[in-house]
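Make a model of the complete structure from these sequences and hints.
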Amino acid sequence: MRRLPAALLGASMALLVVAGPALACGGLIGPNGAVNLLRTTTLAAYHDGVEHYVTAFQFQGGGGAFGSLTPLPGVPSSVEKGGDWTLQRLIRETDPPRRAAFDLAAGAPAASGAEEIMKVKIDALDVTVLKGGSAEVGQWASQHGFRLPPDAPEVLEFYAKRSPIFLAAVFDADAAKERGQAIGDGTPVHVTIPTPNPWVPIRILALGKAADARVDADVYLMTDNAPALLPAPTGQNGMRLDHSEAASQSLLDDLRSDRGMSWVPSSSWLTKIAIDANAPQLSFDLAIDASGQGVPSYVQAGLNVPQVIVDQTTTIRALLAAIIAIGVLIVVLQLARLTAPRAATPA
Amino acid sequence: MSRNRARLVLGAGLVALVAVGGAAAVALARPGPTPQTAITIEIKYSHFEPATITVPVGVPVTITLVNTDPIDHEWIIGDDAVQQKHRTGTELLHPVRPTEQVIPADQTRVTTITFEQPAVWKFICHLPGHEAYGMVGVATIVR
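Line by line, the protein sequences are chains S and L.
If you count by our numbering, then the first sequence holds residues 1 to 347, one letter each, in order.
If you count by our numbering, then the second sequence holds residues 348 to 490, one letter each, in order.
It is worth saying that the hints were derived from the structure and are not from the lab.
There may be inaccurate statements among the hints.
Unchecked claim - Per the computed footprint, the stretches of chain L lying under chain S, defined by three or more beta-carbons under 8 Å from a beta-carbon of chain S, are:
| no. | stretch |
| --- | --- |
| 1 | 380-394 |
| 2 | 417-431 |
| 3 | 474-480 |
Said to hold, decoys possible - Below, in silico cross-link-like pairs of lysine-lysine (DSSO-like), each with a Cα-Cα straight-line distance of 27 Å or less:
| no. | chain 1 | residue 1 | chain 2 | residue 2 |
| --- | --- | --- | --- | --- |
| 4 | L | Lys391 | S | Lys161 |
| 5 | L | Lys469 | S | Lys131 |
| 6 | S | Lys131 | S | Lys119 |
C-beta atoms are modelled at their ideal positions from N, C-alpha and C, and glycine is treated no differently.
What follows is the structure, given as structure tokens:
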């Protein structure tokens, strides 16, 4: 396996801290509700019918435990420790350092109802893949000492309607300290998910955030073709397209040489979506059509769930409008009949 | 059809139209809040439904709190002083009183309260972040 030059890794780590990825597309939950996050970074790559989801959990000091819930589009075939530099290398690809001095200076401070279908221990992370509805997952969370924020019931149901698979990661900060993990050390996790078409959970990023809170995240996509995205990242909707072009050969080679990344194909399309939104803006997920057909799914984007509330007053108003319309029609017909010329009577 | 008869039909149609519209308008008119002695409040997606209730003074009122959420909630009813005490309190869980209920996830609690004076009180969930999220209702206590 080819190793990245140390200088590259050093610069990448500096950028990592600048970007501050602490946790990817997951909603954080702690004993007192959601934890505010720094900017997060995720790779969602899709090749040969398999989504590779790489994210990192960063030790930020303190004690106790905190957790994260990440909705998944399907049951993973594996959850394992991710490569050491995949996310950093992606950041470097799309946001190359302008001046090394700047990088170095900036980088310095840097039994529930749910079915547990997979449990994996990765460093100080206890990762559990759960299958269940919002009630079961909520019950699991509370039984494991986590208090879900008040928006969790609606958000979990939003996901459970489409895919009742969640990845719960519990980060034991005390264990991290015992392992000698320093503040800023990340634990990458690589989730492999066979699925017909990938999607990336976006709404979960706003879990537990106040209406005026900002959500900052970077989502990297790697697909065989230029992907069609829904919603399209317009910038106005809190998603901005920062990069979209064929992945460079050097990037693919570097990624392929990282742990668990041998699946990286010989050619790929690299897309970077910057999430820069007020929390309430993120009411959707990112559906991806990587097939080249250009038809991303409204279901997978979470856009086709009608939120139509028809109360009794609305029904009565509709009935009233119909009655009035029928009455007006009768009157008009009657007037027309009166004003129409009489037909000649045959002799 | 004679012209007079046509006018008669037209007039009758207009009268009927006005009558039907008026009846519908009356049906639409919101009746004054009637005090209720048995109320069910559903908690869904961290909101109370209904979020406004009207209860009588001096009569036991039975309130059934149905929590359909997968997370715990509170239902604290009282004046501003009561709410402020819970808002700034440090104890996460406290003894259950008729006016201060904890409803665990997916469970139901029933409480009976006799309100002593007319007032407008709020009922709020004071678990962290829940009030800001909108878990606030209003109870109007009337004679």
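Discussion item. Going through the numbered hints above, which ones does this structure break? Give me the numbers in ascending order.
Written reply: Hint 5 is the one this structure does not satisfy, whereas the remaining hints hold.
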